[in-house]
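2 protein chains.
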Amino acid sequence: MSGDCSAAFLFDLDGTLIDSVYQHVLAWHRALEEAGIELAVWRIHRKIGMSGGLFTNALLRETGLTIEPGLIEQLQRRHAEVYAEHSDGIRPLPGARELLAYLTKAGVPWAIATSGRMLTARRTIEALGVDPARVPIVTRDDVRFAKPDPDLFLAAAARLGVAITDAVVVGDSIWDLLAARRARALGVGLLSGGYGADELERASAYRVYQDPLDLLQHLDEVGVRRQ
Amino acid sequence: MSGDCSAAFLFDLDGTLIDSVYQHVLAWHRALEEAGIELAVWRIHRKIGMSGGLFTNALLRETGLTIEPGLIEQLQRRHAEVYAEHSDGIRPLPGARELLAYLTKAGVPWAIATSGRMLTARRTIEALGVDPARVPIVTRDDVRFAKPDPDLFLAAAARLGVAITDAVVVGDSIWDLLAARRARALGVGLLSGGYGADELERASAYRVYQDPLDLLQHLDEVGVRRQ
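Those protein sequence lines, which keep their order, are chains D and H. Numbering that gives the first Met the number 0 applies: residue 0 is where the first sequence begins, and numbers increase by one. Numbering that gives the first Met the number 0 applies: residue 0 is where the second sequence begins, and numbers increase by one.
Just so you know, these hints were derived from the structure itself, not from any lab. Take these hints with a grain of salt, some might be off.
Note: identical chains are not told apart, hence a pair may lie in one copy or across any two.
In silico SDA-like links for lysine to any residue, alpha-carbon gap of 25 angstroms or less [stated by the list, open to error]: (1) LYS46 x GLN216; (2) LYS46 x GLY222; (3) LYS104 x ALA83; (4) LYS46 x GLY195; (5) LYS46 x ASP87; (6) LYS46 x ILE89; (7) LYS46 x GLN75.
The structure displayed is predicted, hence computed values, not measured ones.
Using the sequences provided together with the hints, build the complete structure.
Pasting the structure below:
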């Protein structure tokens, strides 16, 4: 941490600030099924949060199918459509708005870094009450490689003007934590994406909290002194 | 195990033989939201597989709401309706049909024991190609207390005419494994319901496999000699 003890926070979006993982999982399941690809739902859940391209590659590899760029693009488009149809029921996670408001008020820099595209992320970010004109938001569109590559978090730290080694990455999936580790940030896990605590700890989470509310209540454990 | 070394298998249904957990989770989420109860999806996932009454009690307790019997009944009815609307995309898990066929052919007794009601379970059981006239199926309707109480598995063993201590309980949730332990059966966990291996092991799973196919390929580890 730097001399003035100000950490910075880099947040994943889906499953970390917004309660959207299960809807994404079932939208992928539907898109795959429509393309004639049968894959158990839990296997999709375990891959979600990776870069979309890597994700479809990984899923197709598990099914033993040939990976055609046209198919991957078709699946991604259909996933986005099905997800949009079901996005009415999607809400911020408990404490998400309060956590972001607290950090802003305390002068702690924060940004959002998501493997999703801005097209899908925009509505989600609006639901959080976040103004994209005032908060750095790094999406898949901005970097060459998404998670588990470190690029998204490195870009987010650069946008904040903080050293990545002073940053706390908060995410719900092992891909967030692996990307945090590669970036040399401190990774903190949340259970709100539906992964078990041990999965996150084995991916080198420094601490694991239930959801943004639980993190807000324990900010002093990750380097923010409550005022 | 008895002298003729024949184990018996007692299977949970949702998440163990059929790929339906995530659809059940989102159907509960919708039913709760329609009743004005906001609850993060992962918390519903972590409670599913319990008896329906216990489940709604537990969820309402987490929200701090008063538990009215009328509300619980309304939620259960609405969940069943929403689930039925989305049950088109629900498939047997990989290897489920093959595992059951193998056990039948090998003369190993097996039964199904589910916390669900027969009304919801019937379609699922048909999708598995199981004939309820030939296989003992114990549902919530048959016992006083569902999982994590041991009653469902005890009743299933009794229907098979085997000692519960000779039975292997196969389930995807910690409620299956806790019920297995209370019943004094050997509990085996599957990852196909979306829980992590450590959650199942901490609930005293003797072994954890990915799905029914993986279990079929490792039956000799749980007391069935492959022929």
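Is the C-alpha distance from LYS46 to GLY195 at most 25 angstroms within one copy, between copies, in both cases, or in neither?
both (14 angstroms within a copy, 13 angstroms between copies)
Intra- versus inter-copy proximity for GLY222 and LYS46 (alpha-carbon distance at most 25 angstroms)
For LYS46 and GLY222, neither the intra-copy (30 angstroms) nor the inter-copy (33 angstroms) Cα distance is at most 25 angstroms.
Is it within, between, both, or neither for LYS46 and GLN216, if the alpha carbons may be no more than 25 angstroms apart?
Classified as between; 24 angstroms across copies, 29 angstroms inside a copy.
If the cutoff is 25 angstroms on CA atoms, where do LYS46 and ASP87 land: within, between, both or neither? Let me know, please.
Intra 24 angstroms, inter 24 angstroms, cutoff 25 angstroms: intra and inter.
Should LYS46 paired with ILE89 be assigned to within, between, both, or neither, using CA atoms and 25 angstroms as the limit?
Both, since 20 angstroms and 20 angstroms are each at most 25 angstroms.
Quick one: LYS46 to GLN75, C-alpha cut-off 25 angstroms, is that within a copy, between copies, both, or neither?
within (14 angstroms within a copy, 31 angstroms between copies)
What label fits LYS104 with ALA83 when the C-alpha limit is 25 angstroms: within, between, both, or neither?
This pair counts as neither: shortest intra-copy Cα distance 33 angstroms, inter-copy 46 angstroms.
In the structure shown, a violation is registered for the earlier hints numbered 2, 3, in ascending order.
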